[in-house]
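Taken in order, these protein sequences are the chains called V and R.
My numbering puts the first residue of the first sequence at 27, with every later residue one more than the last.
My numbering puts the first residue of the second sequence at 11, with every later residue one more than the last.
No lab work stands behind these hints, which were simulated from the structure alone.
Accuracy of the hints is not assured; some may be wrong.
[Unchecked claim] SDA-like, lysine to any residue: derived pairs with alpha carbons at most 20 Å apart:
no.	chain 1	residue 1	chain 2	residue 2
1	R	Lys107	R	Gly51
2	R	Lys107	V	Ile82
3	R	Lys107	V	Asp97
4	R	Lys62	R	Pro50
5	R	Lys66	V	Asn125
6	V	Lys105	V	Gly123
7	R	Lys107	V	Ser83
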Amino acid sequence: SQTIHQWPATLVQPVGSPLSLECTVEGTSNPNLYWYRQAAGRGLQLLFYSVGIGQISSEVPQNLSASRPQDRQFILSSKKLLLSDSGFYLCAWSVNGRNTIYFGEGSWLTVV
Amino acid sequence: GDSVTQMEGPVTLSEEAFLTINCTYTATGYPSLFWYVQYPGEGLQLLLKATKADDKGSNKGFEATYRKETTSFHLEKGSVQVSDSAVYFCGGTSYGKLTFGQGTILTVHP
């Protein structure tokens, strides 16, 4: 069966520090991969999605970037965090060509 | 672009009450529609889905019917439990991208 893992689960980072959140999917190949953010008291916002290695689409301009160095690995990064980057980040995947999306456990980021 | 609008919360109910959370969508074409649930401190779990008009998704006593004529996918449950307390997200996919509504916080009291 397919599984998705993301880490770390929780982190507290100072303003201006770098960020790296990692996500891996097991049990499938060539998945579509996604990063969503859920800011406190707000809904879910799609940040990035990828349909293949090295193929990243950004949905909103921001202080973050994403990379897909391997087929089942998706990384969310920032060179310098802002206070507004705080939130709950969710990695997700779907089978290429299918509509159902499955989510990881989420990562809580607090920028102080 | 595609958008999903769901009833704002929070919604507070007593145990065994009837639940309705409204959701409408705007999309080009015919998206698949979903309800996801997020329990406190956890990620999102798929609750139910419908892929075409008049489809009814159901799971754990929850139901939603894909109404093309009203572009709606309202979530219903006949008798809620305390354990149903969570945030519920309506979503629609088009060309592989899932767009969510703002989420509705449901609190069920004993």
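Here is how each hint holds up against the structure:
no., hint, verdict
1, R:Lys107 / R:Gly51, "violated, 24 Å"
2, R:Lys107 / V:Ile82, "holds, 13 Å"
3, R:Lys107 / V:Asp97, "holds, 18 Å"
4, R:Lys62 / R:Pro50, "violated, 31 Å"
5, R:Lys66 / V:Asn125, "holds, 16 Å"
6, V:Lys105 / V:Gly123, "violated, 33 Å"
7, R:Lys107 / V:Ser83, "holds, 11 Å"
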